[in-house]
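Student: Each chain, written out:
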Amino acid sequence: MDFADETPKLLMLLYGLAAFAVVVGGLLVLLDVVPNWFARRREAALVAASAGGPAAAAGPRPRRRSVANRPEGALALFFLLPTLALLAIGLVVPAVRTTVLSFMDGGSENWVGLVNYRWMFAQDEIFGILTNTLIWVVLVPLVATTIGLVYAVLVDRARFESVAKALIFMPMAISFVGASIIWKFVYAYRSGEYDQIGLLNQVWVMVGGEPRQWLNDPPLNTLLLIVIMIWIQAGFAMVVLSAAIKAIPGDVVEAARLDGVNPWQMFWQITLPSIRPALIVVVVTVSIATLKVFDIVRTTTNGNFDTGVIANEMYNQAFRFGQTGQGSALAVFLFVLVIPIVIYQVRNLRKQREV
Amino acid sequence: MAVQSRPRQAFAIAGVLALALGATACSGDSESGLDPDSAECAPYSAYQGHDGESVSIYASIRDAEADLLRQSWKQFEDCTGIEIDYDGSGEFEAQLQVQVDGGNPPDLAFIPQPGLLARFAQANKLKPMTAEQKSLAEANYPADWLKYATAGGQLYGTPLGANVKSFVWYSPKAFADNGYQVPTTWQQLMELSDKIAAKNQKPWCVGLESGEATGWPATDWIEDLMLRTQTPEVYDQWTSHAIPFNDPRVLQAVDQAGQVLKNPKYVNGGYGDVKSLTTTPFQEGGLPILQGQCSMHRQANFYANYLPEGTKIGPDGDIYAFYFPAVDPARGKPVLGGGEFTVAFTDGPAVQAVRQYLMTGEYANSRAALGNWITPNNKLDVSKVEQAVDKLSMEVLLDKSAVFRFDGSDLMPAAVGSGTLWKGMIDWVNGKDTKSTLDFVEGSWPK
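From first to last, the protein sequence lines stand for chains A and U. The working numbering numbers the first residue of the first sequence as 1 and each following residue consecutively. The working numbering numbers the first residue of the second sequence as 1001 and each following residue consecutively.
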């Protein structure tokens, strides 16, 4: 690599870092200066009010409170504004626009009503894609969370706990695309006459099988892609659940021990109920990540061989095929699928706060 | 809220920021151009006067080919002071759309699909040519090539590079050793394949995997056979959807391609069974020829770019190509080809200068001198083309008796040409029958 050739990229990186420093630094300065200013004003108001003496005491009491409170509200609003603005620009506007586009034709010129939605459910291909997405969203959270939980319980307070945890957590640090490329090598195929370069086929050949094109045969290929996602997400589940297990109060565990529980009872009656909130957070987070899965499918098979999922097909329709309407309809459908999960999560959080 | 008074830290942060900003600001470009008045720069005098401006070009050409492109306009940049900012991407088709929709298009783009070009033209995103450019284009390019860059009666672009797809790569040495003759009819081609298969060898090797574009090499097979089993007129009707995609004549062409592609006795030399076609990268598709593991590989002239360094290409080399024979030579010599077209999304003076330069004979010759490249530009000095396959391709391209047709899938709407047709081909190779494959593609044609 010649560094001189990469100058534009390095320069761009520097700009990015500088911009980041300006924005974050600016926010830090604001966080430091603005509350100070309000605090000083409030102090001044309090001093002024108390200096008013007993004669003023009856009248200005409610006024004093409002003087002290109004700036707080303004301050809160001041800090909320950027978030609200970014949410509007980055989430609300695109969501509305996508919904509008889903009722228009491929070139976003004419209104077509529900044609795109009808297309979505009429095409066999798209139906297969919806089925695949369902398989993903059922299997990944279930298996990833189970593996993470079992692992967290098994290594808890074991001798090399941190090493064992690091091992399973490491895939989290790899991007989805990187992970997919790694697993593509695992599934790689060479015909029988040659040495296998794919791990799975090598093992398969050693136990006496004929080398197979793993990613070529539905529905096995979808399951093999799901393995990649589980490989990445199990580490996340393990870390969160392990932390939750460690947070179980020691006296609860001790009391259970004194009552003479066996490990099995300990798990089902103490550990599991205690970490229930963490468990729900993990399942919900992994579910949403799974609904959006795109990189894995695109990198390994690009949706060929009946492995397509909604996000991948949405990208293909909208950007590669110029069928913005059909792509938008898929996006809206994906959005609708996520809503119940989000509602469940919000209600769950509220319930916890009440308790 | 805990409020603390820490003005000093705040100033420290601000100070560090100021330093960081100052450091990044100190990076200027040092110009090392040639003297614009020198004799070397004389051919570029018409494009001067835009010193220091930069023009961005976006295309799908990457790696070694992209380096050759950059090299080809180096002198233009040095003499005019225009900086050409080239970016090649494997996701070109999708990303170009994103950039244009986002209001941030490149100044120029090389679009290899007339269908995509027409889509941008109809959306009023492309800048039509000036009258001067149009007459230059008409003087330098054959009318049928300009037709592919015309939409709604307006000319929007000119061809840059071209490729000839109707080639079969083979090893001249292996052919000589085995006493095989280069076939000149489809009949002979099949007889040769049978002869090789009878020796328990796989005559053909094919690679269809190409990332996002997996399946496209199969569409070239279909197009070549559409041209060989049908008339050019039917081919035009097929690409413009004047006949349905599942027409019996298309079915016949696809089935004929299936004689090779879906024949377990014929494919896939060096890689495995029929199903290995879809997982073999097209770049590696023809490499088993060099190892003697297969005999023939139907691929365009640009396949030369993917051969390992040091491979000798030529009639007496390690590998060479022969014309993919016609079914009935009496009915003429059909040639399937493709190319990319320079179009402009902006029309500043520097952009116009670059655009105009790229359609000149000077440019064509400076690029051709670097090798592995041909163009329909008729100002190209064919005698200066050195690489054997380039020479052969130019011969085929300039052959007056040949019937040239542009890559059909690139002419079709993207939803079909780079969507369902690719996908359909993959499913078809993997075992789906021809009829339901074509029905599937027909059903997806945008209304």
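Derived by calculation from the structure, the hints in this document are not laboratory data. Since the model is a prediction, treat every value here as computed from it, not as a measurement. Glycine is no exception: its CB is placed at the ideal position from the N, C-alpha and C atoms. It cannot be assumed that every hint is accurate.
Each computed DSSO-like pair below joins lysine-lysine, with the alpha-carbon atoms no more than 30 Å apart [said to hold, decoys possible]:
#1 U/Lys-1125 to A/Lys-184
#2 U/Lys-1074 to A/Lys-9
#3 U/Lys-1384 to A/Lys-184
#4 U/Lys-1391 to U/Lys-1379
#5 A/Lys-184 to U/Lys-1432
#6 U/Lys-1384 to U/Lys-1400
#7 U/Lys-1333 to U/Lys-1173
#8 A/Lys-184 to U/Lys-1074
#9 U/Lys-1195 to U/Lys-1125
#10 U/Lys-1125 to A/Lys-9
Here are the computed distance ranges between Cβ atoms for each label pair [said to hold, decoys possible]:
#11 U/Asn-1378 to A/Leu-14: 15 to 23 Å
#12 A/Ser-175 to U/Lys-1199: 46 to 54 Å
#13 A/Glu-125 to U/Val-1403: 31 to 39 Å
#14 U/Ala-1330 to A/Phe-127: 55 to 63 Å
Student: Now look at each hint and say whether the structure bears it out.
Tutor: The hints, checked one at a time:
Taken as a hint, the U/Lys-1125 and A/Lys-184 pair is broken in the structure, with Cα atoms around 39 Å apart against an allowance of 30 Å. Our distance criterion of 30 Å between C-alpha atoms is met by U/Lys-1074 and A/Lys-9, whose separation comes to about 20 Å. For the suggested pair U/Lys-1384 and A/Lys-184, the alpha carbons sit about 44 Å apart, so the restraint of at most 30 Å is broken. A threshold of 30 Å between alpha carbons decides the hint, and for U/Lys-1391 with U/Lys-1379 the separation of about 15 Å falls inside it, so the pair holds.
Simply put, A/Lys-184 and U/Lys-1432 have alpha-carbon atoms about 25 Å apart, close enough for the 30 Å limit, and the pair holds. Pair hint U/Lys-1384 plus U/Lys-1400 holds up; C-alpha atoms about 20 Å apart against a cutoff of 30 Å. Only pairs whose Cα atoms come within 30 Å are accepted, and U/Lys-1333 paired with U/Lys-1173 is accepted, the gap being roughly 26 Å. Note on A/Lys-184 and U/Lys-1074: the hinted pairing is violated, with a Cα-Cα distance of about 39 Å set against a maximum of 30 Å.
Annotation: proposed proximity of U/Lys-1195 to U/Lys-1125 is violated, straight-line Cα distance about 54 Å (limit 30 Å). Pair hint U/Lys-1125 plus A/Lys-9 holds up; C-alpha atoms about 28 Å apart against a cutoff of 30 Å. Checked against the hint of 15 to 23 Å, the C-beta distance between U/Asn-1378 and A/Leu-14 comes to roughly 47 Å, which is inconsistent with it. A beta carbon spacing of about 47 Å between A/Ser-175 and U/Lys-1199 agrees with the range 46 to 54 Å that was offered as a hint.
Distance hint check: the CB atoms of A/Glu-125 and U/Val-1403 are about 35 Å apart, consistent with the given range 31 to 39 Å. A hinted range of 55 to 63 Å for the beta carbons of U/Ala-1330 and A/Phe-127 is inconsistent with their spacing of about 48 Å.
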